[in-house]
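Read top to bottom, the protein sequences are chains A and B. So in the working numbering, spot 80 of the first sequence is number 80, and the numbers just go up one at a time. So in the working numbering, spot 582 of the second sequence is number 1582, and the numbers just go up one at a time.
Which chain A residues stay away from chain B? Per the calculated CB distances, all over 12 angstroms, these: (1) 8; (2) 33; (3) 40; (4) 41; (5) 42; (6) 44.
Distance ranges between label pairs, derived from CB positions: (7) 1724/B to 45/A: 58 to 66 angstroms; (8) 1356/B to 152/A: 17 to 25 angstroms; (9) 1377/B to 26/A: 54 to 62 angstroms; (10) 26/A to 1526/B: 35 to 43 angstroms.
With a Cα cut of at most 25 angstroms, we get these calculated DSS-like pairs of lysine-lysine: (11) 34/A to 1327/B; (12) 26/A to 47/A; (13) 1096/B to 33/A; (14) 33/A to 1156/B; (15) 26/A to 1096/B; (16) 1327/B to 1529/B; (17) 47/A to 33/A; (18) 145/A to 173/A; (19) 1327/B to 1156/B; (20) 1096/B to 47/A; (21) 1156/B to 25/A; (22) 25/A to 1094/B; (23) 1341/B to 145/A; (24) 1327/B to 1588/B; (25) 1341/B to 1327/B; (26) 1295/B to 173/A; (27) 42/A to 79/A; (28) 1588/B to 1529/B; (29) 1094/B to 26/A; (30) 34/A to 1096/B; (31) 1096/B to 79/A; (32) 145/A to 1352/B; (33) 1295/B to 1156/B; (34) 173/A to 1341/B; (35) 1096/B to 25/A; (36) 34/A to 1156/B; (37) 1354/B to 145/A; (38) 1367/B to 1352/B; (39) 26/A to 1156/B; (40) 79/A to 1094/B.
In case anyone wonders, no lab produced these hints; they're calculated from the structure. Just so you know, even glycine gets a beta-carbon here, dropped at the ideal spot from N, CA and C.
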Amino acid sequence: MGLSHGKEFTQEELDDYQILTYLTKKEIYLAYKKFRALDPQKVSESKQNPLSMELVCTLPELRVNPFGDRICQVFSSTKDGRISFEDFLDMMSVFSDAAPASVKLEYAFRIFDFDGDDLLSAQDLGEIINRLVSPNYLLPAENTKLVGHLLEETDLDEDRALSFAEFEHAVSKAPDFVRVFVIRL
Amino acid sequence: MSNFRELDSVLARINTMSCESRENCAMVSSKGRHARRRSDWHKADDEFFQESYPSGPSNANDTEAGYEDIQGKTLKIGDIRYTERIELDDRIAKIKTRAEPMGRKRILLREARDEPSPRSEIVGPISAHRKQACHNTRICWRDNAKLFVPFTALLKSIQGRFGSGLASYFIFMRWLLALNLVMSLFMLLFVVLPAISGNAESGSICNKRDPFSAECCHETYENSTLVSTGFDAVFDFATGTGWLELTHLFYGHYPNVNVRLQFLEWTYVFPLAYILTCSCCFLVSFMWIVYEAAKGFRESLVNEKGSFHVYCNVVFAGWDFSIKSPKSAAVEHSVITNELKSLLHAEIIAEKRKSMQSSERWKLRFKRMFGHFCATATLFGSGFAIYYASKLGLENARISDGNQTKEEIAGIEVPDFVMEYVPSVTITVLNVVIPPLFGILSVFEGYSPDQQVNFQILRTIGLRLASIFFLMASFYSIMCPAGSFECTGTKCKAPPCWETYVGQELYKLVWVDLVFSLAMVFIVGSLRKVVSSAIPLLQVDFDLPRQVVDLVYSQSLCWLSILFSPLAPLLHVLKFLVVFYVKQFHLKVICAPSLLLYRASKSKALFMGALLLSFLAVTLPIGLLVLEVPPSRSCGPFRGRTHMWGAVVDSIKEWPVWIKAVFGFLTTAGFVVPALIVLILCLYYYYAMAAAHRSMVSRLQDQLILENRDKQFLREKLEALKKSTGRSSVAEATPLRST
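Chain B with its partners taken away, still in its complex shape (with noise of 0.2 angstroms):
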């Protein structure tokens, strides 16, 4: 029996907060149905909404005051039962949301604040005093974290100037300076620092009796690496050769022990920190990209089909209200203008198109498989291109590293700095050919304006990842392992060190794209805009999708570099630094307002997707280069070991034995097995989870439809009441009319 009154007591609990919520139930129980009609229209939170017109037409009605009064009356009960559970800090912040003037919301405030609540009470002054300087910090808090985010000021002028669209590319670029920014720390404090600042343990002494073991290759390599000075030492700079080849940029110097920090008097495993710090920055990355990534997608796929309101988005958040000067907002004005227009454009070409007879339609389809078929070959064909070039360079590497003397190395110095360039000027000019090809080929497909750009960054990230592909694959000829008696592979003719030498490529890589984009803007841009005063046609736009795909290709070669070179984080952190600026000076000075409508929500997706599609394009080959290529002999922190991944595989040797059967039992099939299954498991929940909510949004609208319906039906019904009962009941009737 008291198991019974429980149930009911819990039931009226759960009644009454529910109808908290759902706006003073009481009040749709006694005032029945359009009572409720207008209660469920407004969220909990503006119960004053009505109060809030008060010099709308509709307060002109002494019937419609009545009416509000009522309604003022119970919701002044429900405030208060509502205003009894929460505390003082709620009210507030309910207050805050109040859309209401601030000489009300300050009398609000007060009544609130003398308004003793139960609550606060008996936990007493002094919690409450707390909370109140606690709440002045967060303030304080607010205050000053705002203070520390760097370039807001240039963001925000940029908004101004060229709407939110073009802001987000600026977002995103500083978002990935911090990123690298926060790679660049971890390398420098845990590799860069303790490889210079300790002192190598011994064992690292070139024994004479065994001339190829790790240690005496690793001297014949560094002596043999060639420290020239003068304008050579400049043309080392631009190569990553000879000096700079010798420093701590290379993977190449670092060393494969034990080393003992100075100051702090520890032993550190220099390889297992080398190769745990890389993975650390891989994971960080990916977190962060998943983190932001999954912000971004919310925001885009609110809608269940995971299509925009297309209209609702130009009309009501087409206007951007940031924008401040007259010349921006003419030209935001012809974006909308246009935008709306090709709305409708779109309309009409799909209505065409479905009037199209199967004649055309096949021609169509035969022009986009051509086009299809057309840029897949010159991803191929670029790719292959990238692949001799590289091997080409890696010739002249071969020839310069072999058996020559000093002498006739600096013979051949002036073919030899072109060769040395010939794979990374390859795909970079690649890349700034290429991308227009792609826009003019997806023009003559006659998709819409948005497949255009969509295809269009698709093919344009898929030619960068190509580059990167097919560049990791020459380099992969050249990962061969040294037999037992030589230093390198002498079968496929490697050089010394190959992680420094694909360091080295990449490095290249990275002032070959800094100085082409530099070129793109100072000399194509600045020429462009001269010429464009009399042909309008060559007017400069600055092309928010091939620059986003611009930066993503920069991130894709910081991280692939990470491994062969630890401070290339800081060298992006560097040329982000400088792109940023250019950008700036390329998107105010030089180009032309655009007039396509770049829209905030859904580019954040878009960088996003892109950035954590080459992230995942560039694990993979490092991936599989940790695990499985054997080191070169002569040089790095891993010489001597069958591969990376082995110095991890050497400390966890060490351990005591339950945690190598923790790590034993986890490698097992009797562990990954049920591992994947509740993984499977989770994601088959998620799954259906979604699938619920999504056809809950579906009953809730269908609700919703229903629920006008009556409203409208009611609203007929009064009518009629009114027009057969005449002028008394027309005061009744005329708070519908609002509705």
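Looking at chain A on its own, in the form it has when it is part of the complex (with noise of 0.2 angstroms):
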């Protein structure tokens, strides 16, 4: 599929998409692309179609990714995790290179953010450190140690738990994090 065909959008659609991510034009072409790998037949029959979260996450990034499915269900626009076209360009859009910090650090923490209460909590920590280490193995002990560590160096209020801002002002000291929210198309 060449990046001259332009019947897959609208205009209209295509200056939308262009305006409302951080995406290029070739860029968008591309992520459509990836996209309608997934399931030709039906992303051809519509670009909402929404895909199911199995399909998505056999993508390579999200496959290896450990919070891949977490990925999937902060930004299916359904809310179950299933993923439509925009939805996956919302994804590309805020994972590109040209994404502001902010607006990468929204998601970071709905990604983190597992049981879905506005909050990371010492639960929701202890799920990301176990996540991140995943095959290999951790002592609940180190890792109720780790999680007190973060905890001493993020919670400004004491109630064990991190709001958004919180998040935002820790992250703000871990200067790798825009470089490694990045997916690149």
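The task is to assemble the complex, starting from two chains supplied on their own in separate frames and drawing on the hints.
Here you go:
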């Protein structure tokens, strides 16, 4: 599929996508190509057809990512983990190089917030660490100790949980975040 | 009276402005404390943060929904007021940053476009149209600019397989390539091209009456240089002697007079152009490094104390989302595990150290002092080794350049070839052998892994810089002025053109450096790879710090040789290109995945810091040389002058009187002292500003804590209230649960 094709999108859609995402035209086509390859028939029918989470998670970056399922859940506009093309475009936009830190932060917070209570609690943090080390193993005591250190660094109000503001504050001191929170098309 | 009214209105305006930016003060004041608690926590940009969690458990509750409705309404009012002031573009930009699904964003975009903003009505549709066109060109420009950045796909694959830390090494190399490309363009355009295409003006012909004039000396020098053929020509290519010596690669071949450019009919003051172009290269490098370094430092020194939140960085920024191969994902998992474990381990060590007895502490201190002593001794030892090696090389050069006939020179060819390479091989061997020794030393000293790496880098850079310094020092002995009745200084038996000689030495160093790094990759690396399948201890690791030091060293060689061989940047562009691909091969094929987590932010600051350090170390001797040392009489654009900077001084002398007066004034104490004072004041001002910012940060942090305590206190109160009043107030209190 070449980039010269114009029939996948109407001009209006393309304009909107370019304005509303941090992607270039070329990248939008590339994203479409990638997304369509997951299920050519379904996507060709309509771009709005959502694909199941399992299917989207076969993308190489998401498959190896310990937070792949969370990413799908957060970006799904139907909130059930299914991803339509526009959701996918949103995802690629947020993970692009051009997206500013504030946007990335917002989504990172949601990805890390497993129980969806708008707070990163000690359980959430423990879960993050568990997923990060995944096939390897940390003793539960080590995990709690790490969570303790983490909260010591970041929890300003001592309620044993991170609110979005605290998370923002903490990540501003983890300068690698912006560079790491990137998926290249 | 009217003054007061004015002041009032200004105050009111400020109030509304700050209200809007702090997300709806109206709501704050009307809804009281617990509304503010919510609003303060989010930035002005994400008013709809709550709305964007429609499926969250928080929404199941009716009261919550009602609360949000109220909030939503107030926000809408604020929005309209706000949007009246900003233009469409800003509104679109705002929609873009919203964390909402695309469908909702598109609706918002359509609304924003349909809703006419008063400002755009006034300016009229043409301007709006132009703005749209401009926006589109900006997108187009962004689109196209990406195409022109080379190696993007390669870097992407590296980042995907090895993470962003190692990718930043290759990005650094690409940056160095760009820098060298710019410098070589400068040199080609302003030095090499004019010298090749231009005709030297009269005055450059040897007058037989004065056999020791610069012109005659030059003629003697050019005639005495042996141009050989066949195998010797290849040999000359490797050493930079013979036919290569008489090309534009080296300083000696450039004219010292005005040049008439063939096509433009301009007179080109060549010596001035030469020195100014070289200075420009240095200036451009300096500014570019400082710019990049400032970016890097800004990122790495966000914290006022300059230390990271280490745990945060590992946990929140540990996983590289761009990784896509399962193999490197597995490595990344174990890397993060190791990192976390080592952090815990470091904590334990620190605790142990606190409880350490004083005798043990003294033992450790002694060990470290001994380590530092060893390192310094090694530095000086290798420095002297280089000094003597280069002296030896020089002796050899004197023999071959001295009073021997051409036949005699041809006779001692083979030992000559070895001798030619003694200095550069010595330097390179030392650079290969010593750093691992430093590595062993730092293990013995009992530092934490982080400190180990830092010390190793510092010492390795020290070694590289020391080698350059000692090399320059050995050259200094041949830089002696020739008497009025000789072409070269006979007292110190200098080669006829010492600048070219230095250029040749550096040229050889570039070759030897390249050959050694290729050998290290292809021979040593592959051997170790084969052996390591049996003995895992011998596995090759992509030692990022040492690789970076290598790059920095190459770059300092480039700066060092610009003055002596104007084509050096071009040579380095080629070298870096080769190295770029070879290192990729090294990383992808030979190296085992590294078990150290290299952080991109930290490394960038480190790279640029190292580069800046060596840049300054190179500029110092070069600057001294340009200002103080007499150039040789028989070659180069500065023959016959007392020092190279003289070219600039001479041309200033020809300028109008008032400019001369200005320049004269610039060098007097009357200007320098006040300028210095102003500079110091500026420095102090920025220092004070930084201090103020620091204290502001800590105060804000305190405020944040206080605010949160408030919140907790209120929550407890509400809990109590809830218990006492029973079920009716439960619903009201629920929204607070989520914070």
